[in-house]
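Protein chains in written order, with this note's numbering: chain A, 1 to 166; chain B, 1 to 166.
Among the hints, erroneous ones may be present.
Stated by the list, open to error - If you want the footprint, here are the derived chain A segments under chain B, 3+ residues with CB under 8 Å:
{"id": "1", "stretch": "80–94"}
{"id": "2", "stretch": "110–118"}
Claimed, not checked - Listed next, the stretches of chain A that the computed footprint assigns to chain B, with coverage defined by at least 3 CB atoms under 8 Å from CB atoms of chain B:
{"id": "3", "stretch": "134–144"}
{"id": "4", "stretch": "153–165"}
Everything labelled a hint here was simulated from the structure, so no lab data went into it. Bear in mind the structure is a predicted one, so any value in this text is a computation, not a measurement. Think of the CB as a built atom: it goes at the ideal place given N, C-alpha and C, for glycine as much as any other residue.
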Amino acid sequence: MNRLLVRTAPFALLLLQVACTQAPPPAPDTRTADEKAIRDSETQWVKDFASRDLDRIVTHYADDASVLMPDLAIMTGKDAIRAGMKDVVADPAFALELQTVKVEVSKGADVAYSQGTYSYAGADPKTKKVMAEKGKYVEVYKKQADGSWKIVEDINNPDAPAAPAK
Amino acid sequence: MNRWCLKTAPLVLVLSQLACTQAPPAAPDTRAADEKAIKDVEAAWLKDIQAKDVEKSISHYTDDASFLLPEMPIQTGKDAVRATYKALMADPNLAVDFSSTKIEVAKSGDFGYTQGVYTMTTTDAKTKKPVTEKGKYLTFFKKQADGSWQAVEDMLNADAPATPVK
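Take these sequences, add in the hints, and give me the full structure.
Below you can see the structure in the form of structure tokens.
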């Protein structure tokens, strides 16, 4: 029995080392692909806003997302977000453009954020005059079980008070 | 040789399976400790702001951080952030309070963010009288090489226009 062990021990050790170094494989770094997916999602979002399709606009949010808009209380959850956006996109003067400036994804590819700028036009709820403003935004994203990226935090504010649209 | 193999093969298999399941160790989940660290950073940050200490206040930002305040363009980089804090802290009426309502950290422990609420009193530029606003903020943090957490994106907006202090 001793002779058996002596002879097979190196073989067993070799197998052990192969097993140790080969498994489990390190998770692949998907950050470049994830950044592109988020940029593409924001490009699609602009198209969804342009089409004023509320269902498609809110698909970009996670179910428990929060939207933090100036001069409004925090809206949390898809129903609250949908209700808050309904009148905005129904406004005939509504127009929104987004420019993604920066996207960064966590090493583990589960959390990401983007920073960007926007230009918005819409009727002032009080004066009914069409106003335009430029500003900036930050989005926080989480990767979902199906691999898609959804917004969990959405905040923006203007660079200057809105001015009458030219 | 055949008999040796037969006798030792099961042992080798068991050993290599143990090796596979036990090594290498998974990266420890540090999220609970990271969330606490970020909470502590925000507590220290609030004290630094309340003490009107510009340098300590801006020490919580990365060198390339963006400070995104309403009605001014994005301020990016320590010098721009410092200038904004200096201007804010020169206001004798400045009073700030904030607290997080949510802290989340990425699996990989490199990114984290907070959502919270704030109250701020400043001097109204036109009336020269103190006005107070309540609002919400989103701060995105990155873990630094030394293990500390610093803000890369810091953004806020008010729930409603500021009102005169009673």
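A quick look at each hint next to the structure:
1. Check result for the stretch 80–94 of chain A against chain B: violated, 0 residues qualifying (beta carbon to beta carbon below 8 Å, three or more required).
2. A count of 6 residues in the stretch 110–118 of chain A with a Cβ less than 8 Å from any Cβ of chain B is obtained; the coverage claim is therefore met, three being the minimum.
3. Proximity of the stretch 134–144 of chain A to chain B, defined as three or more residues with a beta carbon under 8 Å from a beta carbon of that chain, is established by the 3 residues found.
4. Interface restraint, the stretch 153–165 of chain A with chain B: holds (8 residues with C-beta to C-beta distance below 8 Å; minimum three).
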